[in-house]
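Novice: Based on the provided sequences and hints, a complete structural model is requested.
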Amino acid sequence: MTTAAVRASRVTNRPMSSRALKPWYRNATLIAGIVIVGFLALIAVLAPLLTPYAPIVQDLEHALESPNAQHWLGTDKYGRDVLTRLLYGARVDLRVGFLAVLIPFVVGSVLGALAGYFGGWFDAVVMRIVDIFFAFPFYVLVIVFVFLLGAGESSIYLAIAAVSWVSYAKIMRGELLVAKQQDYVAAARLGGLSHGRILIRHIGPNVLSQALIYATSDVVMDIMAIVTLGYLGLGIAPPTPEWGSMILDGQEFITTQWEQATIPGIAVVVTSLGLSLLGDGLADLLAPERRT
Amino acid sequence: MPDRFRFIPARLLQSIPVLFGVTVLVFFMVHLLPGDPAVAILGQTATPDRVAALSHQLGLDQALWRQYLLFLGHLCQGNLGQSITYQRPVSGLVLQAIPVTLSLLLFALVLSLLISVPLAGLAASAPGRARDLGVRFFTLLGQGMPQFWIGIMLILLLAVNLRAFPVGGYGKTWPQHWYYLFLPALTLAIAMCPTTIRSLRASTIDVLASDYVGTARSKGAAGISLFRLHVLRNAAIPTVSIIGVNLGYLVGGALVIEKVFAVPGLGSLMINAIFARDFPTIQAVSLFVAVFVIVVGILTDVVYTAVDPRVDISKERS
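Order-wise, the sequence lines are chains R and H.
Residue 3 is where the first sequence starts when you use this note's numbering, and the numbers rise one by one after that.
Residue 76 is where the second sequence starts when you use this note's numbering, and the numbers rise one by one after that.
Just so you know, the hints here were simulated from the structure itself, not pulled from any lab data.
Cβ coordinates follow ideal geometry from the N, Cα and C atoms, glycine included.
Among these hints, one or two may not hold up.
[Unchecked claim] Over the 12 Å line for every Cβ pair with chain R, so calculated as not near, a few chain H residues:
| # | residue |
| --- | --- |
| 1 | Ser90 |
| 2 | Ala128 |
| 3 | Leu150 |
| 4 | Pro164 |
| 5 | Gln171 |
| 6 | Leu184 |
| 7 | Ile190 |
| 8 | Leu194 |
| 9 | Lys247 |
| 10 | Gly289 |
| 11 | Arg292 |
| 12 | Ser293 |
| 13 | His305 |
| 14 | Thr380 |
[As the list claims (entries may be wrong)] Chain H is faced by these chain R residues, among others (derived, beta-carbon under 10 Å):
| # | residue |
| --- | --- |
| 15 | Ala56 |
| 16 | Ser219 |
| 17 | Tyr233 |
| 18 | Leu234 |
Specialist: So, in structure tokens, the structure goes:
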């Protein structure tokens, strides 16, 4: 299908009633996603109640134990309970993953929307900047920015924000290019409404869903970035429990204690699976006409 | 030149400001360091003499615009500065590492096609049935695995338990290089597969529903030969552009995976440079990688247009 045809179908085949076809609680993908992500969030919040151990207290007498009755997943090289660190790690990785999305979501969406709506030189400048950032692999820029800004959680937020706003800008610009051609926008203009009011009150609610759907997959990207930074030794500093640095620590003992590097990775996979299902379900719910 | 190739000069022109922007960004990286960059690189304990010497070596004692022009001038001569760790020209270090990373990328690309073509064909042959759902679940899981962790799991399985492959390194001779690169390439291939399988599956379903496949079927084509002769080539076209779009992600993954397997490519060079605060090396690797992504992006568009006579990029982008 040509781009023009896609646009035409977007404009005409958008029956508002299709959203009512399937209520959200009948959407199996969405429910599975909510259950998994909710379960992980609960674990993160209740971590101190779920385990008798502290995540950073060392107990060298019991270092590198295999899974047993006291330590269900064994202990690491400092004698810390792996299960405890896994639960507390959910706190760090989920928090950073979700919070890291906020700045790029807002900045990228606003810049992209303005570029798409007004066009002209502003659009040209923003899109060239987007192209520049897109030329760098995600990890390369994130690693370099974290290095530049110094270790710590706040520089991880800034580094991810500096790199990932471009995707939101691209998505929102594309949405706006289509939306601004539609009749309701022309009607609002003819009615004498200001650009600001049209953007926020009329176009905004119609185009935000795509950015929102992207944001759920972006949380996955960000968690991957945090875990990767942790694995490279550039992320959240030890001894704070974090899944990526747990994998790094575990890799050292892969011949004897294989579960140490394996289990935190499974935690990441389950988290991303939950978020992906949530995103797919959300996409079904918010933009059913674009699903194939 | 056929009409549909007219986009090439425009595309090249468009990439010039982007290339300039890339050099500006890479240049200003050093100035994003908090405080005096020379102190930041050498550490707080450095003597004033050494700080002054490094400032001079990096050209930091001059006006900003002159620094940038000098940077560009040196760049045009292929001079990327002196590595602080090795006290050697960075360009030599980068040139040594490039073939390693490129081999890894190419090897991974081939392996990922070997994995994803059969799986996508299997899934598309019966949409909605058990094998399709199985493949889709695999892609969903694959998407959620951190790339470096895939590598560690392969090490655990194939290197530690089966002892079939080395845990890491690069070997000395050509056959050894490929043998050592197999696990890192397989890691990257598995990381790529979810994207390529999804794209191939969707386009294969489209192609299978097309009239010309119907015609081929009515003439008796079926099974593998139908897939190979009539379906695959047409279904592969959108995947070419998907791979092109995701190239940046792929290269980034390759750099991290190199670190897992201690492959002496650009990734190891850059990450070691980060820990050594070897700024010229960090700049050179980021610059090369960005230029590489831009160039391959253009090439992908050309290949995409060349393999499919229906594609007209100048119209699609309007």
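Novice: All hints are to be evaluated individually against the structure, with a verdict given for each.
Specialist: Each hint, compared with the structure:
1. The Cβ of Ser90(H) does not lie farther than 12 Å from every Cβ of chain R; its closest approach is about 8 Å, which violates its non-interface assignment.
2. Listed as outside the interface, Ala128(H) is consistent with that label: its C-beta sits roughly 22 Å from the nearest C-beta of chain R, beyond the 12 Å cut-off.
3. With 12 Å as the threshold on Cβ separation, the claim that Leu150(H) sits away from chain R holds: the shortest Cβ distance comes to roughly 16 Å.
4. Taking the minimum C-beta to C-beta distance to chain R, about 21 Å, the non-interface status of Pro164(H) holds against the 12 Å cut.
5. Every Cβ of chain R is farther than 12 Å from the Cβ of Gln171(H); the closest lies at roughly 19 Å, confirming the non-interface assignment.
6. Interface exclusion of Leu184(H) from chain R stands, the closest Cβ pair being 16 Å apart, more than 12 Å.
7. No beta-carbon of chain R is positioned within 12 Å of the beta-carbon of Ile190(H); the least distance is around 18 Å.
8. The Cβ of Leu194(H) sits about 18 Å from the closest Cβ of chain R, beyond the 12 Å cut-off, so the non-interface label holds.
9. A cut-off of 12 Å between C-beta atoms confirms that Lys247(H) is not in contact with chain R; the least separation is 25 Å.
10. Its beta-carbon lying about 19 Å from the closest one in chain R, Gly289(H) satisfies the requirement of being farther than 12 Å from that chain.
11. With a least beta-carbon separation of about 23 Å from chain R, Arg292(H) lies farther than 12 Å from that chain, consistent with its non-interface assignment.
12. The claim that Ser293(H) is not at the interface with chain R holds, since no C-beta of that chain comes within 12 Å of its own (minimum 25 Å).
13. Chain R leaves His305(H) outside its interface by the beta-carbon criterion, the shortest separation being 21 Å against a cut-off of 12 Å.
14. The beta carbon of Thr380(H) is kept farther than 12 Å from every beta carbon of chain R, the shortest such distance being approximately 15 Å.
15. With a least beta-carbon distance of about 26 Å to chain H, the hint placing Ala56(R) at the interface is violated under the 10 Å criterion.
16. For the restraint placing Ser219(R) at the interface with chain H, the shortest Cβ-Cβ distance is roughly 9 Å, inside the 10 Å limit, so the hint holds.
17. Because the closest C-beta pair between Tyr233(R) and chain H is about 5 Å apart, less than 10 Å, the hint holds.
18. Against a cut-off of 10 Å between C-beta atoms, the interface hint on Leu234(R) holds, since the closest Cβ of chain H lies about 6 Å away.
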